[in-house]
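Make the full structure from the sequences, and use the hints.
Line by line, the protein sequences are chains A and B. Sequential numbering of the first sequence, starting at 1, is according to the working numbering. Sequential numbering of the second sequence, starting at 1, is according to the working numbering.
A couple of the hints might just be wrong.
[What the hints assert, rightly or not] Quick partial rundown of chain B residues pointing at chain A, CB under 10 Å, derived from the structure:
{"#": "1", "residue": "Val29"}
{"#": "2", "residue": "Thr73"}
{"#": "3", "residue": "Pro85"}
{"#": "4", "residue": "Leu86"}
{"#": "5", "residue": "Asp94"}
{"#": "6", "residue": "Ile108"}
{"#": "7", "residue": "Gly111"}
{"#": "8", "residue": "Pro116"}
{"#": "9", "residue": "Phe138"}
{"#": "10", "residue": "Leu140"}
{"#": "11", "residue": "Asn144"}
{"#": "12", "residue": "Gly147"}
Worth flagging that the hints you see were computed from the coordinates, not collected in a lab. Where a beta carbon is used, it is the ideal one built from N, C-alpha and C, also for glycine.
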Amino acid sequence: MSVLAHESDEELPAWSLSASAGEGINLPSSWPERVTRDWAWGGASGTGVRVCVLDSGVELDHPRIGTVQRSVAVTKNGDEVTVADDDSGDLCGHGTACAGIIRALAPECELTSVRVLGAGYTGSGAVMLAGLQWAVDEGFDVVNMSLSTTKKQYVDRLHELADAAYFRRTMLIASAHNMPVESFPWRFASVVSVGSHEDDDPYAYYSNPKPPVEFFARGLNVDVPWLGGKTLRCTGNSFATPHVAGICTLILSKHPDLTPFQLKSVLHLTSTNVGSGE
Amino acid sequence: MSDLRAAVAAGVLGTEDAYRSLLQATVEVARAIFHAKAASVFLLDQEADELVFEAVAGEGAGELVGKRFPSSTGVAGWVLTTGQPLVVDDLTADTRFSREAAESTGYIPRGLMAVPLLVEERALGVLEVLDRPADSTFTLAEMNLLGLFANQAAVALDLLQRGRRARAALDGDGELGALARIAATLEGAEDEQREAGLRLLAALEQLLR
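Okay, here's the thing in structure tokens:
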């Protein structure tokens with residue numbers, strides 16, 4: 001008898017699978033012969049999907065966004081970082097813009113704002129980590145991170161959180177940097193990283209055969225909601241990111257059991273340059 | 001000891017005025033290449049956690065240098081904190097970003113481009129370019145140009161900060177200040193005195209090894 005054999009399945013450690021246990025974990029398979037956009041999100045509106053916008057806050061009752069189900073702010077006092085409900089809205093306008101892009105694509109989704117701006121530059125890394133930790137703990141389906149950090153001291157923890165999110169079925173969508181600097185978390189394989197293309201179609205997105213930027217989405221001259229109930233025209237990878245977050249929200253509302261691995265595959269198969277956008 | 005090395009190098013590298021000229025030239029060129037009404041560089045004051053107008057070209061030049069605001073609010077604060085560049089066009093000139101900018105600059109921009117100034121993992125500040133021509137359509141090639149230009153501005157800002165740290169080390173009363181003053185004195189000494197001083201320093205170095 002092999003020293004690796006076990007008397008019963010209960011004794012098996014989490015990293016192994018006994019010869020007889022394969023059948024016990026049969027997973028549902030409803031994959032079509034060809035994954036199309038119609039299969040992926042046809043008729044979907046984001047219903048039932050919980051989306052988190054990790055940003056500068058979201059303006060309350062903006063006409064282009066409507067109800068934000070929950071708003072929290074991460075604050076730093078000395079070494080203590082806290083997450084608490086907050087009604088101060090948006091300190092910049094950027095979070096409102098991202099929430100508006102997601103809302104336009106997936107009007108029925110549930111939106112939560114996590115404000116990680118406002119603690120000063122020096123506190124920004126710790127606050128971003130605490131905000132992401134909170135979002136992962138809360139188990140959101142999609143987290144939009146139109147932000148990055150260049151501070152190396154936070155990279156390990158950020159990596160752990162990105163991997164934890166991946167295994168808990170929380171899809172992190174992160175903006176790629178369009179400057180030649182090392183920044184994170186968009187470089188991690190456990191997130192979906194997004195850069196910009198120049199089309200004006202919000203549903204046009206391209207799978208990049210040369211990562212680490214994995215997808216390109218609309219990020220040029222995008223009409224977005226901003227502070228004071230107004231709208232602006234904006235450009236940047238940070239606006240391309242919520243386009244992909246919105247598409248992921250649609251896909252998950254129709255196929256809620258998809259893992260991040262599967263979701264990324266569906267994104268690839270339905271990309272404009274892969275399935276011709278069909 | 002990087003401050004000491006910087007202090008010794010400062011005597012060779014130049015003066016505060018030279019650094020300022022470099023930064024001023026940077027914002028002038030930023031304004032010119034984007035045909036903009038104004039361009040500014042904000043420096044992050046880490047101790048106060050505030051952004052400070054360091055150089056301005058065009059609208060606001062001459063009045064804004066030295067003005068401060070919090071490091072993590074508004075468009076500049078978002079760009080600094082998140083490291084992501086941003087281009088915003090206010091088609092109605094009536095949103096809060098315009099009013100914020102108007103309060104700090106005395107002038108209402110229709111649009112702005114903001115990009116972080118990054119050197120390795122440090123964010124030193126933000127470059128803003130205000131009001132490109134009204135009929136210009138923004139492209140990703142311009143976004144790329146903005147990023148490339150920001151790298152150059154970041155190097156200028158890094159030099160300015162290193163120069164200031166070097167000067168602080170030279171002017172300081174601590175032991176680094178004393179060493180830096182000795183280095184500076186040797187730089188300007190007569191040949192004979194300089195050689196004697198260097199021999200003495202070589203002996204001291206041997207003793208400390």
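How about threonine 73 (chain B): closest beta carbon in chain A under 10 Å, or not?
holds (5 Å)
Does the closest beta carbon of chain A sit nearer than 10 Å to the beta carbon of aspartate 94 (chain B)?
Holds: closest Cβ of chain A sits about 6 Å from aspartate 94 (chain B), inside 10 Å.
For the hint on phenylalanine 138 (chain B), does the least C-beta distance to chain A fall short of 10 Å?
holds (5 Å)
Does the interface hint hold: is isoleucine 108 (chain B) within less than 10 Å of chain A, judged Cβ to Cβ?
Where the cut-off is 10 Å and the nearest Cβ of chain A is about 14 Å from isoleucine 108 (chain B), the hint is violated.
Evaluation of the interface hint that places asparagine 144 (chain B) against chain A, nearest CB under 10 Å
Status holds, d = 7 Å.
With chain A as the partner, please determine if valine 29 (chain B) meets the hint condition of a C-beta pair closer than 10 Å.
violated (18 Å)
With 10 Å as the cut and Cβ atoms as the points, is proline 116 (chain B) at the interface with chain A?
OK, holds: proline 116 (chain B) within 10 Å of chain A, min 8 Å.
Once the shortest beta carbon distance from leucine 86 (chain B) to chain A is found, is it less than 10 Å?
holds (5 Å)
Less than 10 Å between beta-carbons is the criterion; does glycine 147 (chain B) satisfy it with respect to chain A?
holds (4 Å)
For the hint on glycine 111 (chain B), just tell me whether its beta-carbon gets within less than 10 Å of chain A.
holds (8 Å)
Identify whether the interface hint at leucine 140 (chain B) stands, where standing means a beta carbon of chain A within less than 10 Å of its own.
Holds: closest Cβ of chain A sits about 6 Å from leucine 140 (chain B), inside 10 Å.
Would you settle whether the hint for proline 85 (chain B) is holds or violated, based on the nearest Cβ-Cβ distance to chain A being less than 10 Å?
Result: holds, 6 Å to nearest chain A Cβ.
Of the numbered hints stated above, those contradicted by the structure are hints 1 and 6, listed in ascending order.
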